[in-house]
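According to the working numbering, the stretch in the first sequence is residues 1 to 504, in order.
Treat the hints with care, since some could be wrong.
Pairs of lysine to aspartate or glutamate, DMTMM-like flavour, derived with a Cα cap of 20 Å [unchecked claim]:
{"no.": "1", "residue 1": "K176", "residue 2": "E187"}
{"no.": "2", "residue 1": "K43", "residue 2": "D81"}
{"no.": "3", "residue 1": "K104", "residue 2": "E21"}
{"no.": "4", "residue 1": "K33", "residue 2": "D133"}
{"no.": "5", "residue 1": "K121", "residue 2": "D133"}
{"no.": "6", "residue 1": "K301", "residue 2": "D475"}
{"no.": "7", "residue 1": "K432", "residue 2": "E210"}
{"no.": "8", "residue 1": "K80", "residue 2": "E39"}
{"no.": "9", "residue 1": "K362", "residue 2": "D331"}
{"no.": "10", "residue 1": "K139", "residue 2": "E98"}
{"no.": "11", "residue 1": "K121", "residue 2": "E39"}
{"no.": "12", "residue 1": "K121", "residue 2": "E57"}
{"no.": "13", "residue 1": "K154", "residue 2": "D475"}
{"no.": "14", "residue 1": "K58", "residue 2": "E126"}
{"no.": "15", "residue 1": "K73", "residue 2": "D133"}
{"no.": "16", "residue 1": "K245", "residue 2": "D277"}
{"no.": "17", "residue 1": "K121", "residue 2": "E52"}
{"no.": "18", "residue 1": "K80", "residue 2": "D133"}
{"no.": "19", "residue 1": "K362", "residue 2": "E338"}
{"no.": "20", "residue 1": "K339", "residue 2": "D350"}
{"no.": "21", "residue 1": "K99", "residue 2": "D133"}
{"no.": "22", "residue 1": "K180", "residue 2": "D475"}
{"no.": "23", "residue 1": "K251", "residue 2": "E409"}
{"no.": "24", "residue 1": "K116", "residue 2": "E39"}
Think of the hints as simulated: they come from the structure by calculation, not from any bench.
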Amino acid sequence: MICLLEEMRKQRLEEIKSLREMGINPYPYRYDKEFSSAEIREKYDPVLKAGEVLENEKVSTAGRVMSIRDHGKSAFFHLKDQDGRIQAYIRKNSVGAEKYELFKKYVNVGDILGIKGFPFKSKTGELTIFVEDFEILSKAIRPLPEKWHGLKDKEVIYRQRYVDMIANDESLDKFKTRYKIIRMIREFLNGKGFIEVETPTLVYVTGGAEARPFITHLNVFDIDMYLRIATELYLKRYIVGGFEKVYELGKVFRNEGISYKHSPEFTSLELYWAYADYEDIMNLTEELIEFVVRNTLGTTKVNYQGVEIDFSRPFRRVKMRDFIREKLGVDILEDPDEKMLEVLKKNGVDVPIKSRGHLINKLWDLVEEGVVQPTFLLEHPVDISPLAKRHREDPRVTERFELIIYGREIANAFSELNDPVDQYQRFLDQMKLREAGDEEAQMMDRDFVRALEYGMPPTGGLGIGIDRLVMFLTDSQTIRDVIAFPLVNPKSLDEEIDYGGEEG
RNA sequence: GACCCGGUAGCUCAGCAGGUAGAGCACCUGACUUUUAAUCAGGGGGCCGCGGGUUCGAAUCCCGCCCGGGUCACCA
Numbered sequence: 001m002i003c004l005l006e007e008m009r010k011q012r013l014e015e016i017k018s019l020r021e022m023g024i025n026p027y028p029y030r031y032d033k034e035f036s037s038a039e040i041r042e043k044y045d046p047v048l049k050a051g052e053v054l055e056n057e058k059v060s061t062a063g064r065v066m067s068i069r070d071h072g073k074s075a076f077f078h079l080k081d082q083d084g085r086i087q088a089y090i091r092k093n094s095v096g097a098e099k100y101e102l103f104k105k106y107v108n109v110g111d112i113l114g115i116k117g118f119p120f121k122s123k124t125g126e127l128t129i130f131v132e133d134f135e136i137l138s139k140a141i142r143p144l145p146e147k148w149h150g151l152k153d154k155e156v157i158y159r160q161r162y163v164d165m166i167a168n169d170e171s172l173d174k175f176k177t178r179y180k181i182i183r184m185i186r187e188f189l190n191g192k193g194f195i196e197v198e199t200p201t202l203v204y205v206t207g208g209a210e211a212r213p214f215i216t217h218l219n220v221f222d223i224d225m226y227l228r229i230a231t232e233l234y235l236k237r238y239i240v241g242g243f244e245k246v247y248e249l250g251k252v253f254r255n256e257g258i259s260y261k262h263s264p265e266f267t268s269l270e271l272y273w274a275y276a277d278y279e280d281i282m283n284l285t286e287e288l289i290e291f292v293v294r295n296t297l298g299t300t301k302v303n304y305q306g307v308e309i310d311f312s313r314p315f316r317r318v319k320m321r322d323f324i325r326e327k328l329g330v331d332i333l334e335d336p337d338e339k340m341l342e343v344l345k346k347n348g349v350d351v352p353i354k355s356r357g358h359l360i361n362k363l364w365d366l367v368e369e370g371v372v373q374p375t376f377l378l379e380h381p382v383d384i385s386p387l388a389k390r391h392r393e394d395p396r397v398t399e400r401f402e403l404i405i406y407g408r409e410i411a412n413a414f415s416e417l418n419d420p421v422d423q424y425q426r427f428l429d430q431m432k433l434r435e436a437g438d439e440e441a442q443m444m445d446r447d448f449v450r451a452l453e454y455g456m457p458p459t460g461g462l463g464i465g466i467d468r469l470v471m472f473l474t475d476s477q478t479i480r481d482v483i484a485f486p487l488v489n490p491k492s493l494d495e496e497i498d499y500g501g502e503e504g
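Kindly produce the complete structure, drawing on both the sequences and the hints.
Structure, rendered in structure tokens:
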């Protein structure tokens, strides 16, 4: 009747009780961790030969016990910390009989331990800490996944990421890389004089992208509000207000489907640069991406799902019109809708006659997978770019680009529309679509139009999907693998927890 | 939303000509002072995802549902 997990937990809870009776706090307050596993390795690995001992060097470290190899009157074990793993060696005659008994009886795989001792190298040459004293820093009451195979169950990996991080070193490393990427982005932009700002997450109207929003309620004014779907319109208000280089790194929320490249909550970088146009933004984007990749991975050549992607500048630049004409023999500016429809049908895509923009998007879908190396796709038709300025030389297209890598859109940028009258008209067009039932059409943002009426300088803007970028740099197949705590179905976990009497 | 694959011990997995459940790791007891998937001896542990059906008998066959993964569609 009683399952094994409960038996194990009960056993651990009994041990904790015994420890307390002996006057040992199984959850003490602090520990002087002088060195991380990596710092110890860095310092002593090069200077020690197999079998050598540095008895006068004293070090302390701490981490989670990942394995124990018990030899009776001595034992080897590994500690894992944020930087890696380090082996330790404990011996009855080095810590005393009483302390050694404590280790044997009360220390288990999964516990957090602090150790003090000196470094040496074992016969086989592994750097090891010879333990002279140790302290239990936290007793675990649940067992860890298997030490050899790790945790494989995707469901547990996503629902209990902390277990994944404990059991699978690659998982911890992946998230460390994610935050290094984000640090590099900040470093680059701060170095260029950009100022990191914040905009509201709770908004009265959504804008800056086409997506269905999450709706929430504000009690104090008794109104419905939305979670932002982009940071764009507020960042441009900063530009109106007098900021010239701003960026925001933050979560945006879109109430849409989940796929390997879509998450309802994801991280975006948006930046706006006054007096710049999309050419300037393109150059900045190239430089930013190369900087981030090089400083995160130490190279610009990245293996993604078995394909080498080279992030070194310059990126290829192709006009959307030329690319589609070359691949499909259809001109998205000159040819009539019927011709485009015919080409789509020939390629097995049967679409109802909708807008011209819809047909253009479908044509692009046919060819985008062929774009593997970082490529700027330029000058999208006005029909599919409601937020971008018309091109100064060809009013049928816009001053816009997308960065395509491995067939995926990583960035989107324009010379920003700053004509308030034009902007107002485009909002009106969006509202018509909305009234016709298009839930993703943009909402009228009168305050934003009012801001533009005060005058916004010519401005270039850029948006980057950070999660998708991280996927490339961590060779991750799905966006969930780069989001530490992804959205999961909250099936009820009516697991009753028994802490055994007065415990807890 | 459609189709395909999966759910068995804490973990990784086997078992599916229908006969009432196994291994390794982990855990407990014992031996062992340089191991590293340590080794050796012994032991405990299962609502076989949930519900229904067929059958003398179901982890195994059938139906429905839940959860997860994948492909496609939808969506940017």
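Here is what the structure says about each hint:
1. K176 <-> E187: With Cα atoms ~16 Å apart, K176 and E187 stay inside 20 Å; holds.
2. K43 <-> D81: Given pair K43, D81 holds - Cα atoms ~17 Å apart, limit 20 Å.
3. K104 <-> E21: 17 Å, holds
4. K33 <-> D133: 13 Å, holds
5. K121 <-> D133: Holds, at about 18 Å.
6. K301 <-> D475: 12 Å, holds
7. K432 <-> E210: Measuring from Cα to Cα gives roughly 14 Å; hence the hint holds.
8. K80 <-> E39: 13 Å, holds
9. K362 <-> D331: 14 Å, holds
10. K139 <-> E98: Holds: K139 and E98 sit about 19 Å apart, inside 20 Å.
11. K121 <-> E39: With Cα atoms ~16 Å apart, K121 and E39 stay inside 20 Å; holds.
12. K121 <-> E57: Cα-Cα ~13 Å, so holds.
13. K154 <-> D475: Holds, at roughly 17 Å.
14. K58 <-> E126: 18 Å, holds
15. K73 <-> D133: Holds, at about 15 Å.
16. K245 <-> D277: Holds, at about 13 Å.
17. K121 <-> E52: 6 Å, holds
18. K80 <-> D133: 18 Å, holds
19. K362 <-> E338: 14 Å, holds
20. K339 <-> D350: 13 Å, holds
21. K99 <-> D133: 8 Å, holds
22. K180 <-> D475: Holds - the C-alpha atoms of D475 and K180 are around 15 Å apart, at most 20 Å.
23. K251 <-> E409: The hint holds at about 18 Å.
24. K116 <-> E39: At roughly 15 Å apart (the allowed maximum being 20 Å), E39 and K116 satisfy the hint.
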